[in-house]
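S.K.: Taken in sequence, the protein lines are chains A and B. Mapping the first sequence onto our numbering, position 31 (from 1) lands on 19, and the numbers just tick up by one. So the mapping is simple: our numbering equals the position in the second sequence, first residue as 1, plus 1115.
If you are wondering where the hints come from, they were derived from the structure by calculation, not from laboratory data. Because the structure is a prediction, the values reported are computed rather than measured. Do not rely on the hints blindly, as some may be mistaken.
Stretch-level coverage of chain B by chain A, calculated; a stretch enters the list once three of its residues show a Cβ under 8 angstroms from a Cβ in chain A [said to hold, decoys possible]:
id, region
1, 1153 to 1162
2, 1238 to 1250
3, 1289 to 1302
4, 1311 to 1324
5, 1336 to 1348
6, 1351 to 1360
Which residues of chain A face chain B? A partial, calculated answer using Cβ under 10 angstroms [as the list claims (entries may be wrong)]:
id, residue
7, P7
8, T10
9, Q31
10, L70
11, P106
12, C108
A virtual CB, placed ideally from N, CA and C, is assigned to each residue, including glycine.
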Amino acid sequence: MVTMRRVWLVGALVVLTGPLITWTNFLRTHRLEVPASPTENDQPQLAAYWRFLAAARPLVPSGSSYTIKAPTPDDETQLFMLSAGLYADVRPYPATYVWQPQPGGGSEAKYVLVYGAPECPADAPSMHIVNGGAVCVRDKR
Amino acid sequence: MTVLAYVLAYALVPLFGLSLASSIDSRSARIGFAFLAGALLLTIEATVFTMFGIRWSIVGLSLPLLIASGIVLLRGSESPSPRRQAGRGRHEAERSAGEGRKRESPLIRLRHLLPRLRESEGLSIVIIAIAILHFLLSILTTQSINPDYVLFWGTKSVHFALARALDAGYLLSPFAPPRIDYPPLLPIVQAWGLLFSQQMPWITAAAMSAVWLMAAVPVINWLTGSIHATAFWTAAIAASLAFCGSGGNAEAMLVMYISVGAAAIVARRTSIAGIAFAGAMLTKEEALVTIGAILVGVLIHDRGIRRAAILAASPAAGASVWFAFQKRFGMHVGYDRVTFTHTFHWDNLPVIVREAPKSLAAGCWGLSWLIPLAIVLCIAVKRPRSLARAIPLLLPIPILFAFFVYLYLQYESSLAMKMWWILPRLSQPALSLMILGAAFASSDRMPRHD
């Protein structure tokens, strides 16, 4: 029994060398700070989407409606999926859903979240620049 | 404040599950299991509430479960179970010895207390604490938060909390989240936290995955009777969970329910196993395959159907709660997770063999597999009879791997990438079974639970 105890303990310590090396590498390449998004250090692209959506959120009131414009259908799909949690109390009109363009292209939405280059659609001229893009507002909604 | 309120909500969960944990004679294991059982009861209750059109509220969800726990605890204090009484007898003796010591100085009392903890037990506790901290900090520093959490698990939680219901309208909406067929335990528990915090503390809510590991540790220790094996199990599972990015998704819950259930089978605590398996079935669809494989092990071990039938009934009842909800709201009834084409691509076989070791690294170069495997092989040579009691844990491992191969042979494209993404997570219950199997086979303290 004493031998088995030792085997388990030595084994556990050996297993913990994996996390030790992970942490050594992490602390060598990262500064310890409060992360700006839940996937900050693991999924940089998702983190960039998240930071943009979080920055735009205060400009979109609860109960209104939004759509997302982005450079590619993949960007729009992932941004829309992420936005469902951050914009749960806002009505969604996705321009792209699961990589498919949607009828209307989100033209019904009052707020247009533009990811990337801050360029508003012609029918949503009022622009607020945010981190990662812009929030454009359609006047007549 | 949001974070504190969210954490407070989780602190209440063990109170909900005390009614199902009262037979456990170890206090820490009782609290740990009460957390797992409390999450299960909360899920069932919240689902049933929605089916009957009752909106969720903190009081509405808490009260029935607290009353149930209260009644069981009151009955327990009037007529303690033989198991608890045996435990109490021990405590009484310790207390009277302690009263004798009351006259001693605090330093002398400390000296009496410390030798109880052997050096190796102290080291085990330190290992357990480091392992849990590793998983927790990996999530808090966002190294191990799963993308699925921000894409659909957390999203569902926010919508459910906002609707104060298991919002079928959202699940069936034209812009539904992915995986609407996934069982509801995790989103319901996360939404429960949101009822308190009002806003989603995204990183904190993901970090709660570590609480599940923390809850399971004393239960595993109690069931295996070995703090040393528990320390190894905790180190291995924490390394694997962090490696797989299990913050915020349902992996931690699934592994904990399966592990506790499987260990309880060998420890002959059938009711504990049944409750844990019901929790697993309401957590993730993958539970179906793992529990099925474990039940095959039980059938072979027992050479009879009785215990396997009892153990099958509980997860079936758990799943039926979710299926009843699906039927009630016109959703597709059942699990959609795995698609079988039954067209086998045999040229996938070399890719499977080549990629599997990389996917089984579990955050420690696969040592968490190799060490218990070496222990099992050693026992198989030296005292093969000891392996018999671990059959329900060890037999499912080849069955599960055969299932993975069967599944991967049907993949049409990008097999290596998909294996790298899925297999580390999918293999975690098997990893846990391997460690627990080795722990039970190498232990001579099993009769404790009989």
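S.K.: State for each hint whether it applies.
M.R.: A quick look at each hint next to the structure:
Note: the region 1153 to 1162 of chain B has 0 residues with beta-carbon separation from chain A under 8 angstroms; the three-residue rule is not met and the coverage is violated. Judged by the Cβ-Cβ criterion of 8 angstroms, the region 1238 to 1250 of chain B is covered by chain A as claimed, because 6 of its residues qualify and three suffice. Restraint check on the region 1289 to 1302 of chain B versus chain A: 4 residues with Cβ-Cβ distances below 8 angstroms, three needed, restraint holds. Beta-carbon proximity to chain A at under 8 angstroms applies to 4 residues in the region 1311 to 1324 of chain B; the threshold of 3 is reached and the given coverage holds.
By the rule of at least three residues with a Cβ nearer than 8 angstroms to a Cβ of chain A, the coverage given for the region 1336 to 1348 of chain B holds, with 5 such residues. Only when three residues or more bring their CB closer than 8 angstroms to a CB of chain A does the claim for the region 1351 to 1360 of chain B stand; here the count is 6, and the claim holds. For the restraint placing A:P7 at the interface with chain B, the shortest Cβ-Cβ distance is roughly 4 angstroms, inside the 10 angstroms limit, so the hint holds. Hint status for A:T10 relative to chain B: holds, with the closest Cβ pair at about 7 angstroms, below 10 angstroms.
Nearest Cβ of chain B to the Cβ of A:Q31: about 5 angstroms, under the 10 angstroms cut. The hint holds. Look at A:L70: its Cβ gets to within about 6 angstroms of chain B, closer than 10 angstroms, so that hint holds up. Among the interface hints, the one on A:P106 is violated; its C-beta lies about 24 angstroms from the nearest C-beta in chain B, farther than the 10 angstroms criterion. With a least beta-carbon distance of about 23 angstroms to chain B, the hint placing A:C108 at the interface is violated under the 10 angstroms criterion.
Of the numbered hints stated above, those contradicted by the structure are hints 1, 11, 12, listed in ascending order.
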